[in-house]
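Go ahead and model the full structure; you've got the sequences and the hints to work with.
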Amino acid sequence: MGISKEEILSLLRGMLRIRCLEETLAERYQEQEMQTPTHFSIGQEATAVGVCSALEQQDVIYSGHRCHAHYLAKGGPLLGLVGELYGREVGCARGRGGSVHLTDAGSGVIASSAILGQTIAVAVGSAWAFSLDHSRRVAVAFFGDGAVEEGIFHESLNFAALHKVPVLFVCENNLYSTHSSLAVRQPAGIQIYERARAYSLPSRQVDGNDVAAVFQATREAVEWCRSGRGPYFLEGLTYRWREHVGPLWDYDAGYRTKAEVEEWMARCPIKRLSEQLLRDGLCSEGELRRWREEIQQEIAHAIVVAKSSPFPSVQCLLEGTY
Amino acid sequence: MRRLKYWQAISEATVQCMEGDPNILIAGIGVDDHKGMFGTTRGAFQRFGRSRVFDIPNCENAMAGIAIGAAAVGKRPLVVHPRNDFMFLAMDQIFNLAAKWKYMYGTQAGVPVVFRGIVGRGWGQGATHSQSLQATFAHFPGLHVAAPASPADAKGLLVSALQGSTPVVLLENRALYELEGDVAEAPTPIPFGQGRIIREGNDITIVGASLMAYEADRAADILGEKGIRAEVIDPRSMRPLDERIILDSLRKTGHLVVADTSWAAYGFAAEVAAVAAEKGFAFLKAPVRRITLPDCPAPVSEPLEKAFHPSPMTIVQACLEVLQSEVSSVRGLRDVQERFTGPY
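The listed protein sequences correspond, in order, to chains U and B.
Our numbering numbers the first residue of the first sequence as 513 and each following residue consecutively.
Our numbering numbers the first residue of the second sequence as 25 and each following residue consecutively.
Take the hints with a grain of salt, since some may be wrong.
Just a few of them, taken from the derived set where beta-carbon distance is under 8 Å, the chain B residues facing chain U [unchecked claim]:
hint, residue
1, CYS83
2, ILE90
3, ALA91
4, GLN117
5, THR190
Covered stretches of chain U, as calculated for chain B (at least 3 residues, CB under 8 Å) [claimed, not checked]:
hint, segment
6, 594 to 605
7, 617 to 623
8, 629 to 641
9, 667 to 676
10, 823 to 834
Since the hints were derived computationally from the structure, they do not count as laboratory data.
Computed from a predicted model, the values in this text were never measured in an experiment.
Ideal placement from N, C-alpha and C gives every residue a C-beta, glycine not left out.
Structure (structure tokens):
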């Protein structure tokens, strides 16, 4: 299956929108008005956009702590995210969840959560319900290389394979769990995607910074899930540019080198694709500039609206517990 | 009204609710086997088969998450654990997700997942198969937690759980499973947070959780023979707790004994005592007495085990002390499980 011009431009624009928003947020974050621990996806946009662009609106996704890109890529409203970070009632979780608990039922973003691996099982549960109902819907579980070490990862793959549920597991391997490299966490000589094969899942590793490759691989994976053949596993190799939590750079912190960060920045998924499209004449510098301006306007507007929106009323502190 | 055993009442509630709601599913280790979770899931399996009653891999943590994910898209999973001690493995999902879902995601609806856990007692089940986790579960906002002590309550509370929109933990003491009682045929829900006065009295209030509500009623028989009229209260649910029914009784009696199947520290009995101290201090004519487990894990060896579990006689003795009664030579009672021959 080829990718149409319309599709490839949409993939680029999707990534650009996430990048522009997160860079703006990272800047504004330092004003201390957004008070919620925030894990930026800057550098990892291709996996989120590539996967979510291959889904239908009725499909659902689950994510972990680094969830902004997934939420936006699946169609979560921008104001819902910005409002949530500012702790406003207009936020997607009405200011109760924060950066790591994003949700938007309307676009199929069911839940993200800060406990490693937790939502992998929850995605399997939604997929199980879909298969019991003979529905065409698919559930996606986004998680990182760190979650693979949790017991729940293995319990979930076992159950999903056993019941052949339509779930797509997407591991974004960015090489680090907080500040710990893969080398101190997982035995050498086995790739993450190979572990899924032990549970009989079809499994592939893709360049997680190549949005077209991720999109193509996901289309095939989703087709597999939708046709009732069971779960599928994708591993995308990618890299987080900024610190684990927070808006800053941390290549001087000692756990990784500046050279490593720069090497991955040179493989920036947005730069890569836009250069290719310019080369191939599929878009122009002017078009890219116009996109950026439109996106910046959308972001600026969302920030103004969020900041001028009311905080939740203190009278409602207990509301929603039951 | 017919007489049903506790386990039969649970089975009947399950089947009736599943008939009324096609979204209810059962999942648990061995729920479809010949024992059918001590009989409680056998009826559902016979009636609905493998399309709605699922034996599962050994994955307590993932299963709780799977149930939550199914509930998030419209199902009503009922997850059953043969011992509530296994639920320690599922606590991340239950506390960090199910209990917080509605609040944390700012949604209109929570995830209606029901967890049943059976509490073991006696016959050498030991340290990891005889704990009672009501206080642990009841600590966290967002859950409903109940421990029915009669067949009628076992049915009504399960019906409530399967019809409500809040995640629920139901703890069932295995020693109550053969207990018989009147149970209505219709699946009528008993709301959480509504206690029950098992018997009325003016002299002393005994609040008993789970099996201890039944034992408190037996203790009240003995006290009655000595002219002491105890009011016995079964709160039925720990969260929400029916504080009103406890305080109204305390206003009348001025004396309070709280009996629990778990330990004292930070537990159910401590909670009830705190309610009495904070909101019923003026009614108290004597210090509150807690009857709980000795501060050690459950032993196996028979004499140790016998000394470990409070009996109705422990409750009688405590009441006499609280009332500073001179009564002596009360008759003894058989252990609730004296005729149980095992094995589990």
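Results for each hint:
no. : hint       : result
1   : CYS83      : holds (4 Å)
2   : ILE90      : holds (4 Å)
3   : ALA91      : holds (6 Å)
4   : GLN117     : holds (7 Å)
5   : THR190     : holds (6 Å)
6   : 594 to 605 : holds (count 3)
7   : 617 to 623 : holds (count 3)
8   : 629 to 641 : holds (count 12)
9   : 667 to 676 : holds (count 5)
10  : 823 to 834 : holds (count 3)
Checked against the numbered hints above, the structure violates none of them.
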